[in-house]
Each structure stands twice: as C-alpha cells, then as structure tokens.
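> Chains as they are written, first to last, in my numbering: chain A, 1 to 288; chain B, 1 to 159; chain C, 1 to 768.
Read the hints as simulated data drawn from the structure, not as lab findings. Remember, predicted model here, so these are calculated numbers, not experimental data. Beta carbons are placed, not taken as given, at the ideal position from N, Cα and C, and that holds for glycine. Wrong hints could be hidden among the right ones.
As the list claims (entries may be wrong) - DSS-like cross-link-like pairs, simulated, lysine-lysine; straight-line CA separation at most 30 Å:
1. C/443 to C/767
2. C/390 to C/439
3. A/50 to B/10
4. B/18 to C/267
5. A/276 to C/641
Claimed, not checked - Examples of chain A residues lying across from chain C (beta carbon under 7 Å, computed):
6. 56
7. 97
8. 183
9. 256
10. 259
11. 262
To be verified - Computed footprint of chain C on chain B; a stretch qualifies when at least three of its residues, placed anywhere within it, have a C-beta under 8 Å from a C-beta of chain C:
12. 32-44
13. 74-84
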Amino acid sequence: MEYYSPTDLNEAYALLDKYGEDAIPIAGSTFYMGHREELFDEVEAVINIKQLGLSYIRQDGDGLHIGATTTLNEIFAHGLTRKGPFGILATTVQELNINEVRNMATIGGEVCIAGEVDMPTTLLAYDADIVIGGSKGVRRMSMADFHIGYLNNALEPGEMVLEVQLPQPPANTGGGFAKFERTAADLPIVNVATRISLDDAGVCTDARVVAGAATLSGIPERSGAAEAALLNQVIDAALIEAAAAASADVACINDFRVSAEIRSLWVKCGIEDALKRAFAAARQGEQS
Amino acid sequence: MNAINLKINKEHYDVLVKPHWSLAYVIREKVGLTGTKTGCEMGTCGSCTLLLDGKPVFSCLRMAIDAQGCDIRTIEGVEEENNGELHPLQEAFVQDHGMQCGFCTPGMIIAAKHLLEHNPDPTEQEVREAIGGHLCRCGTYIRIVRSILNAAAVMRAGS
Amino acid sequence: MTTETSVIGKSLPMLDAYEKVTGKLKYAGDMPAHHRMHYAKVLRSPYAHARVVSIDTSAAEALPGVSAVITHQDDITGKQKTCGTPWVDPSFNFRGPMISEEVCFVGDEVAAVSAVDEDVAREALKLIEVEYEELPAVFDLEEAMRADAPQVRPWGPNTLPPSLFEWGDIEQGFAEADMILENRVTMGNQQHAPLDRNACIASWEGDRLSVWTSTQALFWMRDALTDFFDLSPSKVRVYSTPTGGSFGLWWGNNFMFLAAALARKSKRPVRLVLTRDEVQTTVKRRERPLIDVKIGLTKDGRMTAQSFRHILDNGAYGNKFDPYQSVADIYTTEHGRVEFIGVATNLVTAGCMRGVGDLTLAYAIEQTVDMAAEKLDMDPVEFHLMNHWKTGDICHTSQEVVFAKLLFNKNPQVELTSSGLAECITRGADAIDWSNKWKGWGKPSSVEGHKVRGIGMGISTHISGLAFFGFNGITVKVNPDGTMALTTGIGRMGQAGDTTQAMVCAEVMGVELEDINVIDGDSEVCGHTMVTFGSNGMHMVARATKAAAEHAREQLLEYAAKHLEANAADLDIKDRRVFVKGSEERGVTLKELMSTPIYEYLAPPEVIGSASKGVEFEKAGKMMMADFAEVEIDTRTAQMKLLKFVAVHDSGTIVNPAVCENQVAGGYYQSMGFSTTEHLVFDDETGAILNPNFMDYKLMGPLDMPDPEIMFEEVYDEHGPFGAKGIGEGVTCAVPIAISNAVYNAIGARIDPPITPDKILQALKPKT
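Same shape as in the complex, but just chain A (with noise of 0.2 Å):
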C-alpha cells in the first residue's frame, strides 16, 4: 500500500487517476483506520488531502462555504455555525459525545460516508450542494443526488469532495435536529433535521423534514408527506403533530439494533421534537 499526501488539487488529481477505484482519500481517517481490515485488500493507496488547503469555513453572497477537510469541531467552534441561520451545523456537532472524534472527523468525510452519522441529515435539510473536484474539473451536485446508497455515492474514480455549499436561508428560518441512541455515545439510531422558513404572517413558506440513519434506503430521506403538511400552513403544536404522523413514508431498517418499528415512531418523535425546535428558532428570527 502507498501512502501520498499532495500539496496541490493538481497533484492529488493525478493520484485519483492513477489510482481509480483503488485509491481512497483520507483526512480525518476515522472511518478508513476504524475500517482498516476490512478495507486492507481493496486500497492500494491512501491518499492524505490534508495538505490542499480545504479547511475553511467563509460566508458569501451564494451562502456558507465549508472545505471538505474541515473537522466538526472547527464547525462547531467556528462563528458563523454557532448561532444564527447556521446554528444547527453546531448543534448537529454537539450532539455527538465524543470530543475525540469531532477532532478527527471532517465533513467530507461524513458527507462521503452517509450512512450511521449526523452531518448528511442536517445538510439535506439545508439543501446543500456538494463540490466535486477532478482532473476533469469541478462539478457540483445535490445532496439529495449525491448519495447512492449506504455506504456509496455519486464521486467517479478520479474525483474527491471540496468543498459543501449551503444556501442562504431566508429571513425567518429556523433549524431543528433531533437523534436517538443506545447509550450517550453511540451511532445514530436515528437522527432528524428540519428546517422551516415562516413569512410575516406565521406562514410555512418552506419546509424541510429529513431523517437519517434509521432508512431502509442507507441514506438521509426526506418526508414528502411530513413537509406537505406543514408548507403553507400556521404552523402550531398540532400541526406538527400532524406532520411528524405523516411521516410513515420514511420507510426504515430492521436490524439487531433496534426493530424498524421502534425507529419509525423514534423517526416519528424525532421529527416532532426537531420540528418544535426549528419553529422555535424560526419564529426567534421573526422577532429579531
């Protein structure tokens, strides 16, 4: 196995096409070294992007930009994701109890993986975009395009994530994120992230309702039917009631874990708490 950590976009380029499927990038490295074994035959070379100058977090006129390499605790500790139409970027962070690996690990990485962690979910409900850089160029993607399946997603050999973009809310939007877990420091059971934007009238102008880890599909869904019942309604407490009901179209997995029925009423739960607090947040805005 061989072991590159370029200094420039170009030269890791070049590693990814020689490399192809073989090759696997690596920042954090939690998810590649707590996966060494099983992934010991199918890596050629690890590929350390450290070094290309992709951790950063800066706010433009398109919204908020955050370099792949960036770790979630640099996210968490960082201004601009604290508080505000970005808070939940925090909070998300801080709903993970080991300090150790919000060290480590980045959010190209959890983007990368999807799967049992937080980020994915949040991002989702932000619509964010996904920065894909190659020897071909740089492409942009959807969240909602760019996971495939557990585990899998839309990057061709050759290619490695940037950067992600979250859009600018508008005014009056509030976040919400809410998780389920065995014990305090555990993978994602189940984990939901909401958004709502309200207009001067206490109007649902948009809504966003995702749940993750819990999927039958591997990846963060969003509710069709809990977000239909929300947009274009006063939103109250029983509205979101209704809306986290509606969320049975969150098809879940069944597994030694816990059984999909706990997870859908824990999707269903979850989406009641997250929804309460993204209205809360989004109504603070109003006032503010």
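Position chains B and C relative to chain A; hints supplied.
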C-alpha cells in the same frame, strides 16, 4: 516501509512504518511508550487518547504516517511537563481513587488535561462531556469526575 | 466484636495508583518484546459446528517470516483432572485437545500461526486452506436438552446430570401455602468486556516453559500448562501481570496455551494479543439462564416453600453442573428444592462473570417475590423484612455441599455467619424515600404527561469466597528499615486486592500501608493462593495474610523483648515502633530493631512470617445487599431512564471505603448494562455474534446514568479478618431486579433484561 520521524513528548523518534499502522500501534510497539492503551482499536473506548497538536484524538484512528511533524503528547510526558512532579490531575486521581484497574486512566487524564487547559472551572456536566467518548469498565465514573473537579480546584488555587 | 484500627477503614490510595496515573503499569499487552520474539494470530471457525475434513497449511508455512503453524494435527491434548479437585477441570472450559478436529462454536480455534510480525501472521492465516464438513448445531437451551438434539461437542451429553438440593418436605411446604406462585424467566447474554485485551508471551528454555499473561488464576494456569505439555510444575513458571479488568474473563481460557504451543514449535518466544472481536466473541460470556421458580406463601406473607430449577447455558466448552454460588438462600423456608442443570450449546463458551448465578437467580426469585407481594397486596419492603435470610440460617444450596459430597460422600451443613440484610433494606428504603414514593400496587410513583415513574427494590447475597478454592500460602518479610514485603498470589485485577491485603498486614504490624511492598504474580515465588474470584480476597485469603503478619509480628516482639529487656507478651507495635504497654517511652523503632545486631548472633535479625491456611467451610460469610431504583418510562418514545439508585451493602467491615465504593459503583454500571444495552446478539441461523465490538455492544459511559447513592452496613463478621467479608461480585446481583421491578411499578409490565425500547413498546401496547 516508510521512514518517518515522530515528535513525542518533545523527543524525536525515527521509525519505519507501514501506512495502515495506527499511531497508537507505532507509539506502543515501535517507540515503546505503552502508557497509551488500545482497548478497541476502532475509536469506541477512549483508552488511546493523546494530544496531537494540542487536541485530544484517538490515536487508534490516526495513521502514524499522518502524524509526522505533529506535536504528540502522551501520558508519559505529563509528569515531565509538570517539572517532574505528578500533575494535579494525576495527584487527584491517586487521592480520590479515580480508577480501579487503571486501563482507562491515561486516556481519561489526557482528555481532562485538555479540558482544564481550556476551561479551568468546568461544571460537572462539562467534565462528563469531555470524557463522553471514554469508557471505564470498572464503572468508577463518580470518582473520575470528582478527581477532575478536585484537580481543577487545586489548579485554580495554584495559578 | 470490633477492634480499634489505624489502617483498616481508611480510603488509602491504591499501592499501584502512581503507576496507573503515569501509564507505567504494565498490563500483559505492555510487556516488552523478547529477543527473537514472534507474533501469533489465530484462525477461527466460521461455523457453529463442523469437522475439519482437511487442512492445508503448506502455503502459510512457506510464507517468508512464518515460523510455525499449529492445527489439530499437532495433537496437543490435555488430560482431565489435572488440578487436584474435580471442580476445577469441568469448569475450566476443558476441551481435551488444545485445537480440536471438531469445532464447536463460531470463533473456535482452527489453527494458529507465529510470524515475524502481525501483518505476516495475518497474511499467513489467509493462506491456510480448510475444508469443513458442517455438522448440525443447536443454540437453544431447551432444544439442546432434547434427546434427539445434535451433540454439541465430541464428548458427553449436552445435558449434565443435575445437582439437586432438597430440604424439609417440599410437598408439605406447598401444602401449607395459601397461595402458590410460578414464574419462568430468561435473560440476555452479557459479556465481561474488560477494556484491556489480553496478551500472552510464552518462551521455552529447553524443557522449561515461562508464560507471561494477565490472569486471575495464576496456579490453575500453571497446572493446565503442566497438563498440556506433560511437564512437572518445577518446569513451568507463570507470571501474571495486572489485568485491565477481568470480571471473570481471564481464567479458564484456551488462547493462552496456543502461544506456548507455537513457541515450542517455532523455538522462539511468541506473543499472542487478542483483538477486541476475539475478546468479545471467542473467550467467554455470562451464562444465559432459564429459570423456573415456584414459591408458596401463607395469607399473611410468610414463605413456606421454595423450588427452583436453574438451567445454565454452558455454551460450547463450559461444564457447569452445580449452583453458581447459592442465592436460593435469600429467604429462609423450612422446605425447599433446588435443581441446577448445565446444558451445552454451540455458542461461545459460557462461564463465570461477576455475580455469576446470584445475579440471574436472584432476579428470578425477586421477580416472583414481587409478584407474590402484589397478590398479597403487601408492600415489597415489608415482605422482604418478614422473610429474608438471617444470621445462623443454613446455606442449603452451597457449592461446598456439592464438593463435600463429591470428594468425601458427606452431607454437611453450612451455616451463615452474619446477615445485615434487615438493616440494608431499611436504610435503602429510607434513602430512596420509599414510604412516599411507593403508592401501592398498580400505582406508578408519579405520572407527568407521557413520563411515568416507578420504584422497585431487590435483594441478593453472594459468597465471600469458597473454601475449595484452596489453601493460601502467604509470607511477610521485614526489611532492615522496618518496611516489609508481602508475598501473595492474589494478583492485581484492578480491585485493589494487593492494597487491601497490604492494609491487613500493615494493621497487624503496626506500620503504614506505604511501608508494604506487595510481591505477586509469580508461580515460583508465591505460595499457592486461591484463584482470585468468588470474592474470596478479603474474607478468605486475608485470613492467611493476617496469620502470616501475626507470625512475623511474634518474631519481632521476641527480638524486641531482648532489645528492651521486657516480656514479649507485654509489648505492642504502633506507628512503626515496638513499646512496652503501659510505659510507652520504653520502645524501639522497627528500623532500629531490624538493623541493630543482637548479642547472641552478632547480627541483626531477619524476620519472615508465613502462613499457609485452608478455610473451614462449615461457617460461611456472605455479602448481602439491598438495591433500590427509580425509573422513568417515556411512553411516547418507549425509552427508559434511570433517575435514582440506592445500593446498601453488608460486606462486614469495610477495609477501604473508597475501593469498596468503586466496587459497588462498578457493579451498578455493569448491571445497568446487563439490564439494557449489554447483550450479545447471536445470529439465529449461524450462531455468529452480530455485535462483536463496542460499536454495538454498548457499555454504560459517563453520560448515561446518575451517580448511585452507596451505603455500607458494617456488620462485623467474626470469621472474616477484622470482621470483613467479600464485596467484588455481589455488587452486580440485585441491580437488574431493582430496575425491572421499578419498570413494573411504572407501567405494569414485567420486562426481563435486556430491557430494550422494543420490549417497552410492546408492553405499552393496549392488550387486545
């Protein structure tokens, strides 16, 4: 094999490593600093925690080859940093029985040391969160938390 | 009777605390490499039951860097009954051949390789070609007991002959009852899950074998090695390192022997370190029980008869056939019947884990008692106070009785030395505010929206060692400066056994704890010491420690008598100084005494105290405990949260309160794990374990539970050194039942461990 140089507790070590070797493995097996423990080798127990450029990380999840040029601090360096005397945290763990078998202790102390360096007066909840990813199978959390809070008080009084 | 003490009763730091906080303590995996040492890896069976039809190791052997490969063809076979008692071997997980042609669980050893490093050894494993013939396997206890069930392992029936205990007249007992309650209980598979992964280094010099490993069974390890390799004990030396927790895992293991076999074949020192998966899935687990309980009661709540059948899952190689300790004696009845049946299954071996037997049987009994109290409409606290076991009662189902019968064909009675159960129950009930929170049967202690709270209690007992664990040979050597070395085989399992033994020694010798060095973990240097399990350290081993110290003290006083021109009988030692009682100014420090020449010999004295003592079994000291839990069930999410927990323990005199508090807390955390998230999940089809690591076998962490309130009821036990009994294992025993009874109080459903959201959800559904 790749020849690398690791800076651990201010000393430099030349070692030959394979890329998939973890930092924990190399520090223990090739450098011989066995105070860093490896309970699960997959980031789920906290025993292998060390400070990498000042931040606590699980060294079982870090490639050794990717730790070149980093400032690595392990439990073996804690006394030395404290002028050869037990760090107040170590002293508190001894006096308050913040352990039974001791296997999780180095990781707990490293995580707590980072906490107290950044938050000298933590609440009990903050202490628990700082060691949230650490397991103590002997279940001595009450006294681990007490040790850390007592050490914090001693350090505040001393500074 | 109590005596004033100066060391006993203080929360003194553990002797090895400094090594632990500095990372200097060497666990087995931290032992430095030997010259020319090679590294071992084990090839394991993917099948729950199969015969190895052929095994081709030629490619592995040809791989550069490989020094040896062993398979069943090496034919290293132990002979039964090596360790001197009939008990040791059967439950030693004895399997005859070190590697068998017939593999009996997923993870069973098929081959082992030693190589220049672990990468090469791992590569070599992939080059071994094995052809298996799959054999029928059985995983379910009751299925395994059927006459037509597949035979789990090459020898013996799956179901061992029952151990039966009867007293009084069980028929009469039930006839006297106004009410009979029957109950059947089973539970999950807990695993010990110490954080440390065991390691072993084996090295041969000619026909002499040395082994370094973390074990709680120094002498059984030695004896098993003599058996496998046909050696005299004089040729085998075992060094036991501290363990990073054990909880019953690190004895009766097979993997340690593989390193010795590889070392012999490769003519090199060989090290084998288990992976986390191997620790979790190939060594041992807590036995899974199937328990039938039947109790009879009078209308006023007196228990008239009790009958239990405790079926123990032995897994592949366990061989338990006897009571796992003797908890049937929580309650005193005139009539009783208890049956223990060990049953083999094609699952990883089951064996002792902290609180073995008592945890599961106490759970079953206490649940049935809770059911009975409900039928009688009696407050559980009141019921317990009326019926519990008392000082001087008989231990009807003691393991000692089994072995007295097996070895000597006698039927002795074992009598309980002390019981503080009544006080434990009363104090615990006060601490959790039982009288206010207990609202009566069918009434949760509180309901707020979808949060329902309930309260529950349970009691248990556990042995403080068992006599047939053997003699304890201890020495105390006094140095020229008055410090001393205590030599004991008790080992260092994290429970501070070395520290508390040294405290006993220091108390007798009139010195400080820091004056004592403990020398342990060397089978050539230490006298035979009981295997460190069954909570025997303080109640049993310390009797010999105390006697050895007293022997040394006698010698010191004799020499001091010469020095002070006094009568030895008039002397005492305090604060490292011998003095004449009544005229304390006449004295000599230990340092002066031990470094001053005596006229007759023209030399200072050498003092070595020693004692080798067996333990008379007919008076048994047991630890007692009453646990109380308050839980909250969220009926919306089907989750359970523990709100408050009170544990009150009678372990006699508490030698080191901080150490004992950590023990009780540890039992609480582990048993909460057993009650909820710690459960090995076996694949129904293959028998493989689906959660072989901490990603999915969830231990309780620092954010998961409230701190328990811990109290000690220090009933002085006349037979224990300074009145002490054991503590290490019983701490787990009453926790699950207190929690489960509290869940019942909250939502009216009996949910057995593991109490999962799925089970809670089913229980909350309206009954149709």
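> State for each hint whether it applies.
Status of the hints after comparison with the structure:
1. C/443 to C/767: At roughly 18 Å apart (the allowed maximum being 30 Å), residue 767 of chain C and residue 443 of chain C satisfy the hint.
2. C/390 to C/439: holds (28 Å)
3. A/50 to B/10: holds (23 Å)
4. B/18 to C/267: Since the Cα atoms of residue 18 of chain B and residue 267 of chain C sit roughly 27 Å apart, the hinted pair holds (cutoff 30 Å).
5. A/276 to C/641: Holds, at roughly 22 Å.
6. 56: With a minimum Cβ separation of about 31 Å from chain C (threshold 7 Å), the hint on residue 56 of chain A is violated.
7. 97: OK, holds: residue 97 of chain A within 7 Å of chain C, min 6 Å.
8. 183: Where the cut-off is 7 Å and the nearest Cβ of chain C is about 5 Å from residue 183 of chain A, the hint holds.
9. 256: holds (4 Å)
10. 259: holds (5 Å)
11. 262: Check passed: Cβ of residue 262 of chain A comes within 5 Å of chain C, closer than 7 Å.
12. 32-44: holds (count 12)
13. 74-84: Satisfied; 5 residues make the cut.
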